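Engineer: What follows is each chain in one-letter form.
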Amino acid sequence: MSAPALKITGLKKTYRNGVVALKGVSLEVSEGDFFALLGPNGAGKTSIIGITTGLVNKTSGSISVFGHDIDAETELAKMQIGLVGQEVNFNPFEKTLNIVVNQAGYYGIPRSVAIPRAEKLLTELGLGEKMGENAMTLSGGMKRRLMIARALVNEPRFLILDEPTAGVDVELRRGMWDYLTSLSKKGLTILLTTHYLEEAEQLCKHVAIINKGEIVASGTMEEVIAKHHSGSGAKDPSTGLGAGGYRGGKLEEVFLKLTSEK
Amino acid sequence: MDTFGLWISFYTMLRKDIVRMFRIWVQTFLPSVVTSCLYFLIFGTVLGSRIGEMQGVDYMLFVVPGLVMLAIVTNAYSNTSFTFFQSKFFFRGIDEILVSPTPPWLLIAGFISGGVVRGILVGTIVLLISAFFTSLHLAIHSVFIIFGFAVLTALVFSLAGLVNGVYAKSIDGINLVPTFVLTPLVYLGGVFYSIHSLPVWAQGFTYINPIFYLINGFRYGFLGIADIPIWISLAVLGGMIAALIAINWYLIRTGLGLKQ
Numbered sequence: 001m002s003a004p005a006l007k008i009t010g011l012k013k014t015y016r017n018g019v020v021a022l023k024g025v026s027l028e029v030s031e032g033d034f035f036a037l038l039g040p041n042g043a044g045k046t047s048i049i050g051i052t053t054g055l056v057n058k059t060s061g062s063i064s065v066f067g068h069d070i071d072a073e074t075e076l077a078k079m080q081i082g083l084v085g086q087e088v089n090f091n092p093f094e095k096t097l098n099i100v101v102n103q104a105g106y107y108g109i110p111r112s113v114a115i116p117r118a119e120k121l122l123t124e125l126g127l128g129e130k131m132g133e134n135a136m137t138l139s140g141g142m143k144r145r146l147m148i149a150r151a152l153v154n155e156p157r158f159l160i161l162d163e164p165t166a167g168v169d170v171e172l173r174r175g176m177w178d179y180l181t182s183l184s185k186k187g188l189t190i191l192l193t194t195h196y197l198e199e200a201e202q203l204c205k206h207v208a209i210i211n212k213g214e215i216v217a218s219g220t221m222e223e224v225i226a227k228h229h230s231g232s233g234a235k236d237p238s239t240g241l242g243a244g245g246y247r248g249g250k251l252e253e254v255f256l257k258l259t260s261e262k
Numbered sequence: 001m002d003t004f005g006l007w008i009s010f011y012t013m014l015r016k017d018i019v020r021m022f023r024i025w026v027q028t029f030l031p032s033v034v035t036s037c038l039y040f041l042i043f044g045t046v047l048g049s050r051i052g053e054m055q056g057v058d059y060m061l062f063v064v065p066g067l068v069m070l071a072i073v074t075n076a077y078s079n080t081s082f083t084f085f086q087s088k089f090f091f092r093g094i095d096e097i098l099v100s101p102t103p104p105w106l107l108i109a110g111f112i113s114g115g116v117v118r119g120i121l122v123g124t125i126v127l128l129i130s131a132f133f134t135s136l137h138l139a140i141h142s143v144f145i146i147f148g149f150a151v152l153t154a155l156v157f158s159l160a161g162l163v164n165g166v167y168a169k170s171i172d173g174i175n176l177v178p179t180f181v182l183t184p185l186v187y188l189g190g191v192f193y194s195i196h197s198l199p200v201w202a203q204g205f206t207y208i209n210p211i212f213y214l215i216n217g218f219r220y221g222f223l224g225i226a227d228i229p230i231w232i233s234l235a236v237l238g239g240m241i242a243a244l245i246a247i248n249w250y251l252i253r254t255g256l257g258l259k260q
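Read top to bottom, the protein sequences are chains A and B.
The opening residue of the first sequence carries number 1 in my numbering; numbering runs sequentially from there.
The opening residue of the second sequence carries number 1 in my numbering; numbering runs sequentially from there.
Label-pair ranges, simulated between beta-carbon atoms:
# : chain 1 : residue 1 : chain 2 : residue 2 : range
1 : B       : K259      : A       : L76       : 13 to 23 Å
2 : A       : F93       : B       : T35       : 19 to 29 Å
3 : B       : C37       : A       : N134      : 27 to 37 Å
Covered stretches of chain A, as calculated for chain B (at least 3 residues, CB under 8 Å):
# : segment
4 : 47-56
5 : 81-92
6 : 108-122
Quick caveat, the hints were computed from the structure, so don't treat them as lab data.
As the structure is a computational prediction, the values presented were derived from the model and not from experiment.
For each residue, glycine too, the CB sits at the ideal point set by N, CA and C.
Throw the hints in and build the complete structure from the sequences for me.
Structural biologist: Written as structure tokens, this is what we have:
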């Protein structure tokens, strides 16, 4: 049996200002999974992603990526990962193509290989005509797609997306989800954080819900919904509204039930 | 990554920085050209003609090594400190490298190599300008020593600039050190005079200025004269390089000032 794409054991993180972000999180993402990591703002999602990708130092615990411990086999673990971060984090004065090609360089991929690969990715993501332009000229949605192209240029086995569709309009968002679904079908393991819960419900096979640094539910999407959905969120057939007049999917009801302040 | 992959990663960082410095040449190369012209004009031509000789050498020729060194020091330092700070603070471009398998030591090598290249390029330009002011009568005692000291000095101040870039929390943190530390040290390190022209108590202060040793060795490469034996200059340079590599390694490896 192959090693899981991501295995997190007892992960703790306390920031220098004393904020306890993670209180011993354990999590496993299987190879080929499309996994949703959900939680309210400040729950610890980005801390998990930051520690996994080497952007944040952990306090204790262990993480392995496809069996490679991120402390003992850092380079091998990082080779497997592609990251689309929450914030736009590239030099806006650089050309779009160069941003992707340079990222390949940091993975040891020569320009002769990286350039055609970057051109193909940018074209697939609808940025073919923007390759020679400075990144600052791109719209918000284009910048997000550029970040996806950059994350894929090293041909990772594990793609991490931290709220990739934040601030992206509906049409572009659907296009991005279609693209990511096609990658998932090709075998790419995807870990996604998003606040669009209905989309996560439709796209993802497994889900974990984190609240205040602790995993409060995890399993297949169906399991989590079946276990925690009390039925109180059932929609009124005449109005289409859930409990309290709220319009949302089952996952959204579960999410609110597990994360809202008591 | 294998050796080839490491080389590609290093080349990517260096290439990116060189492309950047040529793209904004008005900010990276021109200021040193203008200020060195002014120095040569004022200290060399106007004042130099009144001073005559320093340590038995025409004053214009005496100040050339110091002014070339001034250009190398300031450019190597500011290039590394600013590019690192910019990628850390303005748009977190440093994350592109941190998430990749590029090891910390290579990240250090990538950033400082840009500073070394800029320091050497600007130093060469200033040297060419000096040839104009000295009517091509530039003395060269040892090309090997000149080049060696130029590269080692650029390396020292690139490493120092990286420490500054890692620690700086605002753009002021980048500008304060060159203005209030580096420039006074360079001026008081013997760019414009020999320490033998100072009173004994002031000579004592000069000996604790690391830049004095760099200018001393560099000047020896041009003129064959030195205030102190050249091996002492080399030893000081070597010590500074070792100490700064250790500090940078610790900072980048632990993520101090870089990771949360």
